[in-house]
Amino acid sequence: MVQETVPPVILHPFSKYLREDMMPHIWCQGCGNGVLLNTFVHALDELRTDLDKLVVVSGIGCIGRSAGYMNTDSFHTTHGRALPFATGVKLANPELEVVVISGDGDLFAIGGNHFIHAARRNIGIKVLCANNLNYGMTGGQQGPTTPLDSVTTTSMYGNIEHPFNLVHLAAASGATYVARWTSLHVRRLTQSIKKMLQKEGFCFVEVLSPCPEIYGRYNKMRSGLEMMGWFKKASVVENFSDPSKADITADRIVVGEFVDINKLSYEKMLHEKISKINEKAMDKVS
Amino acid sequence: MEDEIASMAAVIGASYSGLKAMTATSGPGFSLMQENIGLAVMTEAPCVIVDVMRGGPSTGQPTMPGQQDVMQAKWGSHGDYGIIALAPSSVQEMFDLTVEAFNLSETYRVPTLLMGDEIVGHMWEKVVIPPPDKIRIVNRKKPNVPREKYLPFKPDENLVPPMACFGEGFRFHATGLTHDEHGYPRTSSSEVQSKLVHRLVDKIQKNADKIIRVEEVMVEDADIVVVAYGIVARAGLSAVRKAREKGIKAGLLRLITLWPFPEKQVAKAAESAKAIVVPEMNCGQIVREVERAAKETPVAFLSKLGEDPHTPMEILEVIRRSK
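Protein chains in written order, with numbering that gives the first Met the number 0: chain A, 0 to 285; chain B, 0 to 322.
Be careful, since some hints might not be right.
Claimed, not checked - In silico DSS-like links for lysine-lysine, alpha-carbon gap of 25 angstroms or less: (1) 283/A - 141/B; (2) 19/B - 141/B; (3) 19/B - 275/A; (4) 52/A - 153/B; (5) 19/B - 267/A; (6) 19/B - 15/A; (7) 52/A - 141/B; (8) 52/A - 19/B.
Rather than coming from a laboratory, the hints here were simulated on the basis of the structure.
Please build the complete structure, drawing on both the sequences and the hints.
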């Protein structure tokens, strides 16, 4: 008698973190967004995060699809509005771990005002930003982080706008934890995400993410490998160096942790204030 | 929050975390909120927005009354959708209709707009706040299925889906993109788009009879019916009383619900009336809906812009002429 053997279904140990029915993802070959999501999932796994108490919020853009890929409560907002939406979530239920995963265009162009104010208030939202130096999803337009002289579809003769230095902006706006890595630095990036998830207040981790299909195509780096080659060549680890001197140029990408301070979070201050006011009111009533 | 765009986004976030959330603004802020009012419509987030209408366009006349945002309330965000808008006429109603707005938004999972005006917004009047147990409170319907079976955008018979909240273990997704019943984006499917958008419109339109509220004063035998809302309706009532004193059979149909538009109520009043008078603090917004519903019955429109709403005498004059 011939016995049929059914091959066992082998689940990836991390499959519980992702919505497999949302796959395949939309990201191009060589894109760094998968690396970012991978390190995020590793960090969650190492911290044994309760997935029922985690909310992932994203804005618009390629990386904006990550909220949909995570097997948690998740919300895909309008362009630039991930942070104010997440602020409402965190204030309404401070027990929730609220993570915003979004891109440089979403967070710093249309959403730039929300970013500086969320950081200023020190609302306990953890921001993971994929910086691909352009608007990749819509065809590679120049954006708020595009380096000077870079070629994009809207700066065909070289970019003449000075870019934001995101770690400097985050530090100056009041974030309690600020770090920058590239998708080449997976281990250190994972450690930074872990650290950020354990801190109180507003935290920001920037991840330089290769965009070979769009940004790289116009800047002589047509493959993911070539973009990673640039990251490898130009990156220098300088932990706790001056973020104002961490501009990204063709020759130099300063990576590392920049800020790690402790400060009362906005949600804590708000709810303490509400309790005190209520106590006073109750005293008056009784 | 830093601006009205952010306020509206935060309200949706708080609503998804299970709280009842609201925000308040005036004209320009209402324009800024439209983007995320659309998001609240698309993700069916119960919430309340108060717009104390001023004179526009643009910065216009801050701290002056107006009724110029009525069509913006209906059509302000891009795309097709249904929405609920209420128009308070007094300070008491500002309180009562805020409660009502929350009840409606929780029932139909739709942003509900409270369209006041500067006078109702600034006026001092007696307000009776009933004890909490005397106030009717409606809460959103919760899912009664386990996590694996929960489809966050699968509607019940009344076209409204039960709503789980963040942190309750349902681990669901919501997006401003066109989505299926799972909440997953389906941006290239005509079928999903058609089904979703028709439902967003129908859940308000098909429940309109349950939503709509009007106040009728001496409408039954009226030859002339004044159709008004907000602060203008109070001058309308005064004009109707004065007309009756002079032997003119006038009545007032006060619109408490602006959207969905009380079409049946206006049509019924128009059937027996000789004419309808619509005073509004704009260049003609609700009057278009009234004309549509009134069919053959002539409609006289009385526009007023600026510092003061219509006086009862101004409305009375039009009632006289319409007789």
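So, going through the hints one by one against the coordinates:
no.	hint	in the structure
1	283/A - 141/B	37 angstroms, violated
2	19/B - 141/B	14 angstroms, holds
3	19/B - 275/A	22 angstroms, holds
4	52/A - 153/B	23 angstroms, holds
5	19/B - 267/A	20 angstroms, holds
6	19/B - 15/A	32 angstroms, violated
7	52/A - 141/B	18 angstroms, holds
8	52/A - 19/B	20 angstroms, holds
Hints 1, 6 from the list above are not met by this structure, while the remaining hints are.
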